[in-house]
Amino acid sequence: MAVDRAHLHRRYGPYVYGVGREDLRNFTAAVAGGIPGRAFASHVPDHAHLFTWDEDAARAGPHGGLVAAPGFATVFAIEPFAAAVSDPVLGLDLVRLLHGEQELEWREPVRPGDRLETVGEITRIDERGNMDVVQVTTTTTNQHGRVVVRGVWTAVIRR
Amino acid sequence: MKRLGEFAVGDTFRSVREVDPFRPVYYASASGDFNPIHIDPNIGAAAGFRGTILQGMCTYSWAAEACVAYLGDPARLRRLRVRFSRPVQPGDTLTFEGRCVAVEGATLRLELTARNQAGEDVLKNVTAEAVVEDR
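Going line by line, the protein sequences match chains A and B.
Residues 5 to 163 in this note's numbering are what the first sequence spells out, letter by letter.
Residues 11 to 145 in this note's numbering are what the second sequence spells out, letter by letter.
The following block holds chain A by itself, in its conformation from the complex:
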């Protein structure tokens, strides 16, 4: 059954996320080939950019301190998308759901201590062959009122 277009522009959030230093470093470790957490944290993950890992190197760099790896945005910005696809009102079958497309636009670095607020809105409900397409657009703003990340999240649901 096609997804009801009446849900277009349905909104989710705001969701608040407090960014911790170790959250950033654990994410870097997981992506860069290391192991998150303190027990195995003694070496620098092979693919880590030092501005996202090493406090001293980051302090000497252009941002004056640690910044998040770009992919870290998915940790907090995913929330409206996750809420939408599991929203009982939409009635999507999660077993048949695939993450089809992803776009992130970074406007400002995310830093330890940031307080981020993310809101989202369903911006597309469509059919493509025997698939339903549901797209959620998210906007994350920091404690200074500046947009840090915009995201476009596209789910594809096989019928």
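What the hints contain is simulated information worked out from the structure, not anything from laboratory work.
All figures in this text were calculated on a predicted structure; none of them were measured in a lab.
Using N, Cα and C, we set each Cβ at its ideal position, and we do this for glycine too.
Since no wrong hints were added, every one of them can be taken at face value.
One-sided excerpt, in silico: chain B residues whose CB lies under 7 Å from chain A: (1) Ser-39; (2) Ala-40; (3) Gly-66; (4) Glu-75; (5) Val-78; (6) Arg-89; (7) Leu-90; (8) Phe-94.
Given the coordinates of chain A, assemble chain B onto it according to the supplied hints.
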């Protein structure tokens, strides 16, 4: 750090990532994406795969990481767009290859491919934008 004048159309970059057996679990712990299909090989098998599947956003983050290694600073990457075209599983080896296709003022446009060991695209239509501001 590399300066704007050192980037040029035609530059290429490459990154190879092996998906070790526990990467989906490590990524789950750092990202919060504990969907059972990433954790439990039996669930993956029931869905027709040989065990767990790596989170798409980990592959996405590897594409971002390849761009960042080329750019020299994580904050220079301003946009990354991908289509997920094939699942990635532990045991796979992914090769990310990127190319600078335009330099417009301080903005660089990049295009990437992401292929597994069989040469199949795991991401398609991968485009990125970066801004390089000399300080």
